[in-house]
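S.K.: Residue numbers (my numbering), protein chains in the order written: chain A, 1 to 301; chain B, 1 to 430.
It is worth saying that the hints were derived from the structure and are not from the lab.
Treat the hints with care, since some could be wrong.
[Said to hold, decoys possible] List of simulated lysine-lysine pairs, DSBU-like, C-alpha gap at most 30 Å:
#, chain 1, residue 1, chain 2, residue 2
1, B, Lys174, B, Lys251
2, B, Lys53, A, Lys266
3, B, Lys174, B, Lys133
4, A, Lys78, A, Lys132
5, A, Lys132, B, Lys98
6, B, Lys200, A, Lys266
7, B, Lys269, B, Lys197
8, B, Lys429, A, Lys62
9, B, Lys133, B, Lys381
10, A, Lys266, B, Lys381
11, B, Lys200, A, Lys153
12, B, Lys157, B, Lys53
13, B, Lys251, A, Lys75
14, B, Lys251, A, Lys153
15, B, Lys200, A, Lys132
16, B, Lys251, A, Lys62
17, B, Lys157, A, Lys132
18, A, Lys266, B, Lys429
19, A, Lys266, B, Lys133
20, B, Lys322, B, Lys53
21, B, Lys133, B, Lys429
22, B, Lys415, A, Lys78
23, B, Lys296, B, Lys200
24, B, Lys322, B, Lys197
[Unchecked claim] The following label-pair restraints were derived from C-beta to C-beta distances:
#, chain 1, residue 1, chain 2, residue 2, range
25, B, Arg93, A, Phe133, 49 to 57 Å
26, A, Tyr111, B, Gly299, 53 to 61 Å
27, A, Ser119, B, Glu72, 42 to 50 Å
28, B, Val63, A, Lys220, 52 to 60 Å
29, B, Gly107, A, Leu294, 43 to 51 Å
30, B, Asp189, A, Phe133, 32 to 40 Å
31, A, Asp144, B, Arg290, 49 to 57 Å
32, A, Leu129, B, Ala422, 35 to 43 Å
33, B, Glu378, A, Phe238, 40 to 48 Å
34, B, Glu378, A, Met30, 49 to 57 Å
We put the CB at the ideal spot given by N, CA and C, even for glycine.
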Amino acid sequence: MGSKYSRNSRREIRNGYAYIMPALIFMVAMIGFPILYNFYISFFDMTAQSVGMGHAEFIGLKNYEAIFSDPTMWKAIKNTFFYTIFCIVFQFIIGFAFAMFFSKKFKAARYLKGLMVISYMLPMTVVGLMFKFMLSPTNGVINDILMNLHLVKAPVEWLLNERTVIWGLIIANTWVGIPFNMLLLSTGLDNVPQDVYESASIDGANSVQRFFYITVPMIKQSILSVLILGFVYTFKVFDLVYVTTGGGPVDASEVLSTYSYRLSFKTYYFGQGAAVANVLFLCLFVVALVYLKLIGKDEVS
Amino acid sequence: MKKRFLAMALTGIMTAGLLAGCGSSGDTQADTAKDAKDEKTADTGKDSDGGGKTEVVLWHSMVSPEVEPFQEMIDNFNAQSEKATVVTEWVARDEQTKQLTIGNMAGELPDMVFVDNPEVINYGEMGVFQDIKKQFDGWDENQFLDSITNSCVYEGKMYGVPYIGNNLALFYDKDMLAAAGVEAPTTWDELVDAAQKTTKDGVYGLGFSAIKNAECTFQFMPFLWSAEGDWTDMGSDDSIKAMTYYSDFVKNGLANKEVLNWSQADVCKQFASGNCAMMVNGSWNVGTLRNDAPDKNWGVVPIPQDKVPASCLGGEALCITKNADADACFEFIEYLCGKEISAPYAKSVAKFSPRSDVDIDKEFADDPEMKVFAEQMENTKPRGPYPKWTEVDNVIIEACQSALTEAKTPEQACKDAAAAIADIEESLKK
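Make a model of the complete structure from these sequences and hints.
M.R.: Here it is, written out as structure tokens:
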């Protein structure tokens, strides 16, 4: 026949598909369906009332209209991006610094690295409560330190002030994110052969040049995945914000996920809650596409 | 190629994992509801024990030490009733509202459920509960405090019977007030005076909860009502006066600004450890303080008043769901909320009967602190009753928080709240 595959390899392909079938079915049922269903309900007038009565009307884009005409939505979008970008920047820089530090194979490096991971292993709710105490203006340790170093004159009202609350959350999340960045980057660093550095030194490259012309390009893959994974994890933050501030004061720290939760489970506008969740999804989908593109380009070169 | 596929799969999982989080939470809810139902049907195999008693399923979220007297009461009822057998199912309190909403969609509801009073009308108008006005009016022991029964009544329909209540009062540190040379306050001016005199050396005069959830509204309402303002008229001078009075405690440094992040339990801890001289808090803290701070010398007075005495109703109502056997269920309500059981049962779980015929002097002769709360029950008002209370609740929380953070003036906060509540009212008419 005109097929470009031999019979044997066609059988192999069939077998291959059979092997991935269970995983595929699982993904479609457990992940694909909820996503599609979420899109579906975002076009219906789904509220506790309408669902209880058994007639949720199709209302087209009205849910999207409603959420985008709510100033809280814009605040949530702004907060989510602001929070994500600053968390990533700080986590990445500090995490990278630690990774470089621990790549200097000194004796205690392994143990210290292990210790650092503790903050990554703590449940987010615990982190949230802990930072609520630490950021307190009355007896919080962070304000104590800042005061004693004479960096601030009066205690900062971290979580109580509309302008600083998002920074309080960024501090908490950065603390959690550092070990994650450090671990992935130091795995990357371990794979850079030492002789490249040696020959660079012989050629007279200084440490800054070595960093930018050898280290960074050699671990580009790790950097990329750390940034993308970090972005995804940070962008969909829920527990930390919910526990620490509940989105307050007023709506100063509302992010997309808490706003969606509030719409769905506090005021029972399921349709609007789904619409917010879809906006969140689309933002991340774009990031994922960019990632694919970058990875793809790399492969070709 | 392999790497590329892997990357694609990974990205897929990453993006998908996110929404799976949102979507599947609903699914698992429905699943657990279904599981509960399965167990239930397994139970109902022995439906007709004895002379054809109807089995009614009751959802509750009681935990120790409340659950023991509760179970005893259920057993007593089952032993003496000829019509009904009550079977209890435990549902976590935080889960209950979600379970009811989802159960309603999936058509899997219990026969009866205890519901937090501001939610009764919400679910009633959603069609989850039956209108039991007829049964209630026909009951010869229906002597309840009107303000409290009102929490279950909307446009002439009654969606539940209040079975237990609590309210807010002012706790004060006797030693601190004595040291400052002030009596326990009874009016707004006296409260400010006492707070000013006790605010010093890291101690704040007053503590209350303004955290971003229902506790904030719960604690603000007594001030609002005492000035004769109301949530239906947030733009009025009286409401603005209440908001100003309330937010001035933080503005003038008489209350810690951290009230914005304090739950009522946090407030109680602050009071117990001597960080505030007075606190607004509920009756359930009486037991907490007695256990956790046995050496502390404290007392309770009604919340100081402006024009009228007012407190906010906490507590639950017993509601019958849409497809349940109303007569069998109401027999249980008559038992639990009746003259004989209601008051002693409420006392056994450290709460108060909503009935108007309770002999408070006799019942609380040995407990002066709890007696204050019991006496206040008649000045206690429910939030709402309103089908979209949760939305109004959000509006009031935002108003309180923006006044406390000084993001808005109290006047502006109230005016904005009035406008937002008018919008909610508008959406209800549609």
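S.K.: Does each hint hold? Answer for all of them.
M.R.: Hint-by-hint comparison with the structure:
{"no.": "1", "hint": "B:Lys174 <-> B:Lys251", "result": "25 Å, holds"}
{"no.": "2", "hint": "B:Lys53 <-> A:Lys266", "result": "38 Å, violated"}
{"no.": "3", "hint": "B:Lys174 <-> B:Lys133", "result": "46 Å, violated"}
{"no.": "4", "hint": "A:Lys78 <-> A:Lys132", "result": "23 Å, holds"}
{"no.": "5", "hint": "A:Lys132 <-> B:Lys98", "result": "27 Å, holds"}
{"no.": "6", "hint": "B:Lys200 <-> A:Lys266", "result": "39 Å, violated"}
{"no.": "7", "hint": "B:Lys269 <-> B:Lys197", "result": "21 Å, holds"}
{"no.": "8", "hint": "B:Lys429 <-> A:Lys62", "result": "18 Å, holds"}
{"no.": "9", "hint": "B:Lys133 <-> B:Lys381", "result": "20 Å, holds"}
{"no.": "10", "hint": "A:Lys266 <-> B:Lys381", "result": "22 Å, holds"}
{"no.": "11", "hint": "B:Lys200 <-> A:Lys153", "result": "20 Å, holds"}
{"no.": "12", "hint": "B:Lys157 <-> B:Lys53", "result": "28 Å, holds"}
{"no.": "13", "hint": "B:Lys251 <-> A:Lys75", "result": "26 Å, holds"}
{"no.": "14", "hint": "B:Lys251 <-> A:Lys153", "result": "19 Å, holds"}
{"no.": "15", "hint": "B:Lys200 <-> A:Lys132", "result": "24 Å, holds"}
{"no.": "16", "hint": "B:Lys251 <-> A:Lys62", "result": "41 Å, violated"}
{"no.": "17", "hint": "B:Lys157 <-> A:Lys132", "result": "44 Å, violated"}
{"no.": "18", "hint": "A:Lys266 <-> B:Lys429", "result": "20 Å, holds"}
{"no.": "19", "hint": "A:Lys266 <-> B:Lys133", "result": "28 Å, holds"}
{"no.": "20", "hint": "B:Lys322 <-> B:Lys53", "result": "20 Å, holds"}
{"no.": "21", "hint": "B:Lys133 <-> B:Lys429", "result": "24 Å, holds"}
{"no.": "22", "hint": "B:Lys415 <-> A:Lys78", "result": "26 Å, holds"}
{"no.": "23", "hint": "B:Lys296 <-> B:Lys200", "result": "19 Å, holds"}
{"no.": "24", "hint": "B:Lys322 <-> B:Lys197", "result": "55 Å, violated"}
{"no.": "25", "hint": "B:Arg93 <-> A:Phe133: 49 to 57 Å", "result": "25 Å, violated"}
{"no.": "26", "hint": "A:Tyr111 <-> B:Gly299: 53 to 61 Å", "result": "55 Å, holds"}
{"no.": "27", "hint": "A:Ser119 <-> B:Glu72: 42 to 50 Å", "result": "47 Å, holds"}
{"no.": "28", "hint": "B:Val63 <-> A:Lys220: 52 to 60 Å", "result": "54 Å, holds"}
{"no.": "29", "hint": "B:Gly107 <-> A:Leu294: 43 to 51 Å", "result": "49 Å, holds"}
{"no.": "30", "hint": "B:Asp189 <-> A:Phe133: 32 to 40 Å", "result": "35 Å, holds"}
{"no.": "31", "hint": "A:Asp144 <-> B:Arg290: 49 to 57 Å", "result": "33 Å, violated"}
{"no.": "32", "hint": "A:Leu129 <-> B:Ala422: 35 to 43 Å", "result": "38 Å, holds"}
{"no.": "33", "hint": "B:Glu378 <-> A:Phe238: 40 to 48 Å", "result": "43 Å, holds"}
{"no.": "34", "hint": "B:Glu378 <-> A:Met30: 49 to 57 Å", "result": "54 Å, holds"}
Consistency with the previously given hints fails for numbers 2, 3, 6, 16, 17, 24, 25, 31, ordered from lowest to highest.
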